[in-house]
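Novice: Based on the hints, put chain F in the right spot on chain L.
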Amino acid sequence: MRLFTRFLVVILLVSVTWICGLAVGAGTAAESAKPAFALPTENVTIEVWWHEYGPFTAYVKELIEAYKKLHPNVTINATIASSTDMNQKLTVALAAGTGPDIMDADASYYVAYYSKGVLEPANLDVFGVKSYQELAAHYVPGGLASGTFDGKIYTLPYQGNSMSLFINNKLFAAAGLDPKKDAPKTWKDLVALCPKIRKVEGKRTVQKAFEFPYHSPRWQLQDLQPLTEQFGGKILSDDGKTAYLNSPETLKALTLWRDVTRACGDPKNTKSTASNPNQDFVDSFTAMWITGPWATPQVQASPIKNDFTVVGLPQVDPSKPHTMVYGWAWGVNKNRPEKNKIVAWDFVRFMLSKPDEWLAKAGFVQPVKGVSETEVAKKFPFFNVHMKDVQTATWYIRSENVNEIAQTVGRAVDSVVYDDADPKTALDAAQAAAEKILKK
Amino acid sequence: MRLGASVSTKSRSLWKPFRLNIAAKQALFAYVILLPTLAIIFIFRFLPMLQAFYISLTEYDLIRPPRFIWFANFIDLVQDPLFLNSARVSITYVVFSCAPVWVLSLALAMLFDREIRAKNFFRSAAFMPVVMPAVVNAVVWTFMYHQDGVVNTILGWFGLDPIPWLRSSRWALWAVIVIGIWRATPYYMIIFLAGLQAIPQKYYEAAQIDGANRWGQFRHITLPLLKPTMLLVMVISVIVAMKVFAVPLIMTGGGPADSTRVLPLFIYQTAFEFFKMGRAAAMSVFLFAAVMIFTVFQIRLFSRGEDR
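Sequence order for the protein chains is L and F. Numbering of the first sequence is given in the working numbering, commencing with residue 20 and proceeding in unit increments. Numbering of the second sequence is given in the working numbering, commencing with residue 1158 and proceeding in unit increments.
Looking at chain L on its own, in the form it has when it is part of the complex (with noise of 0.2 Å):
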């Protein structure tokens, strides 16, 4: 009987261990990862700041709601600034002491927040890892190459975006081509289409084939970037210290971007603009466009719904594939006291946790590994074109003067293009000016 009553004890015993572990487990299913460490149990409050984009907003404050509901002793304020706006408003609050615990800004910024001393490399314990490379390890090679610092870990992208070509399909089959077999593989072959899609009246374009961006310094860095390593050049060296903008390659790929765009644009006639940068694309007015996989939402809610295809970035040497990727990431404030870096920290982990709901609602693609195989994914429109792009991508460069840089390309682009100027001299210009800034 004793035998029998301690051998029920054991079995009750052994029964809430069990159903105790399937809460635990229940617990970890909602948050994706049980956290090794112990979270402050007293009341804490963190600000958390990021851009402006509907669907993103959206999601981060089911997010912050969901987060709450796990741990009613955090409050989460949100602060949501447009995306030019927010690399200035965080340096200045950053400057007075009133800066977020989450910062969100676009990764080639985070160089400079890093030099100031204000980023908190990410916290292992939070993460479940040992090290930055088991860190690492859950991304695609190359995918923390933007928060990476002296070996450590500061940022976590919540979107890689590729640089894929977009391509009307309707424009496209008016021109008796079809998306598939005659999309462009090299700049060539680009070049080689325009005359059977660009369309003009007198002196009127109607239609254009194909178009760089003309409406932010940063995307025209952010397209020569790409165009420069395609030709085996670089734009900066990696530490950013030196700038390489009058290089044979450069000199090479602003070239190409001057013949494409004589042959296949019209820069002088564009509604794009910095906060609707596809307009031109989702008018129908240009049948070719680069951009990420973020455009994807916009362009299916325009009248081309689905009606369009996306192909890999086109190359100088297809056999020497080069792409650029860019994102943003979230970033930690150094000097917040410890419990709030906590928090902060595993906020982020748990926003992170899901990438195929960041791809769902808001678009996003995070330079995670598996993100492929997920369902969501799978339903994406041209998910593994943009992820195979991603994979031969470097990242936007990274300098404390990226504004600045960006400013000089831009101003040699613009006056190649639109003053007619001799692309080394607009290049010797833009060197002698980034030497200048540099040296600075």
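The set of hints was computed from the structure by calculation and includes no laboratory data. Using N, Cα and C, we set each Cβ at its ideal position, and we do this for glycine too. Do not take every clue at face value.
Unchecked claim - Away from chain L, derived, C-beta distances all over 12 Å, residues of chain F: (1) I1179; (2) K1182; (3) A1187; (4) F1199; (5) M1206; (6) L1265; (7) W1314; (8) R1324; (9) I1338; (10) I1347; (11) P1381; (12) I1396; (13) P1421; (14) V1453.
As the list claims (entries may be wrong) - FRET-style restraints, in silico, Cβ to Cβ: (15) F:Y1360 / L:G221: 45 to 51 Å; (16) L:G221 / F:A1282: 32 to 38 Å; (17) F:V1288 / L:G221: 35 to 41 Å; (18) F:Q1455 / L:K222: 42 to 48 Å; (19) F:V1297 / L:D257: 44 to 50 Å; (20) F:L1268 / L:G195: 55 to 61 Å; (21) L:P322 / F:F1203: 55 to 61 Å; (22) F:L1204 / L:P356: 30 to 36 Å.
Claimed, not checked - To give an idea of the interface, some chain F residues facing chain L are shown, with a C-beta separation under 7 Å as derived from the structure: (23) P1223; (24) L1234; (25) Q1236; (26) P1286; (27) P1321; (28) S1325; (29) S1326; (30) F1431; (31) F1432.
Specialist: Using the frame of chain L, we list chain F on its own:
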């Protein structure tokens, strides 16, 4: 009792030098009344200016502490082709937007000073661009300047080819100047109108009796008596034009190829996009000095005429 009287006399004699006459009392009262306003102006206007001057002598990126570099920013700026280009763009903007504004606003004021039908309606309609926010102006004009916009459509009626107004380094600044003229003219028209209405009618009547024609009346009565108003309009319009910012920022961002990068826009970009606060502050000091010199020059020019 005696002692008390003695103390009273002594204290009166002590206070005697501090006794104020009525004029001094009034002045003191005026200063006391003005003190809060002066304090606000000092704290929110004058101190930031001093601070800006101090920052102009430093290298400062907002987060790291400022590093004192004396006049290096100023020396660097005078050799910087981008700054010099921006200064050139600003001067072009000021010259070609202000001169037409002075003529047009005076002409409009004279028109609306006369007895015409529906005068109040036309005055209000003409004043609309001033009421409209600069951002709205910029967006509306961006559409109007597009290849298929209103401006090119009108040019098309006359057989002219469309002009890439905002996408050509040749035309963009002129496109921005036109908006500046359109927006500023009605504002200065109102100031001129007030000046015109302050001129006594009897002068014109006397001139008419003496046989003066309209041109003679304008030249010998209107213009001389409008001098203070003209000075005000010229000084304000130049200062406002020197500070133009929102329209080029929204419409062109300073491009193409820096053709519309006016100085205030370059200052803004240097400060809040490149985070070079010292350099931006040095540019602001240059801008302040330029506006100040021009204003003093204008005032001198007008007062010299009056001395004669």
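Novice: Are the hints correct? Go through all of them and say.
Specialist: Verification of the hints:
no. : hint                         : in the structure
1   : I1179                        : holds (50 Å)
2   : K1182                        : holds (45 Å)
3   : A1187                        : holds (38 Å)
4   : F1199                        : holds (22 Å)
5   : M1206                        : holds (19 Å)
6   : L1265                        : holds (33 Å)
7   : W1314                        : holds (15 Å)
8   : R1324                        : violated (4 Å)
9   : I1338                        : holds (23 Å)
10  : I1347                        : holds (33 Å)
11  : P1381                        : holds (47 Å)
12  : I1396                        : holds (26 Å)
13  : P1421                        : holds (16 Å)
14  : V1453                        : holds (34 Å)
15  : F:Y1360 / L:G221: 45 to 51 Å : violated (58 Å)
16  : L:G221 / F:A1282: 32 to 38 Å : holds (36 Å)
17  : F:V1288 / L:G221: 35 to 41 Å : holds (39 Å)
18  : F:Q1455 / L:K222: 42 to 48 Å : holds (44 Å)
19  : F:V1297 / L:D257: 44 to 50 Å : holds (46 Å)
20  : F:L1268 / L:G195: 55 to 61 Å : holds (60 Å)
21  : L:P322 / F:F1203: 55 to 61 Å : holds (57 Å)
22  : F:L1204 / L:P356: 30 to 36 Å : holds (32 Å)
23  : P1223                        : violated (11 Å)
24  : L1234                        : violated (12 Å)
25  : Q1236                        : violated (10 Å)
26  : P1286                        : violated (22 Å)
27  : P1321                        : holds (3 Å)
28  : S1325                        : holds (6 Å)
29  : S1326                        : holds (5 Å)
30  : F1431                        : holds (5 Å)
31  : F1432                        : holds (6 Å)
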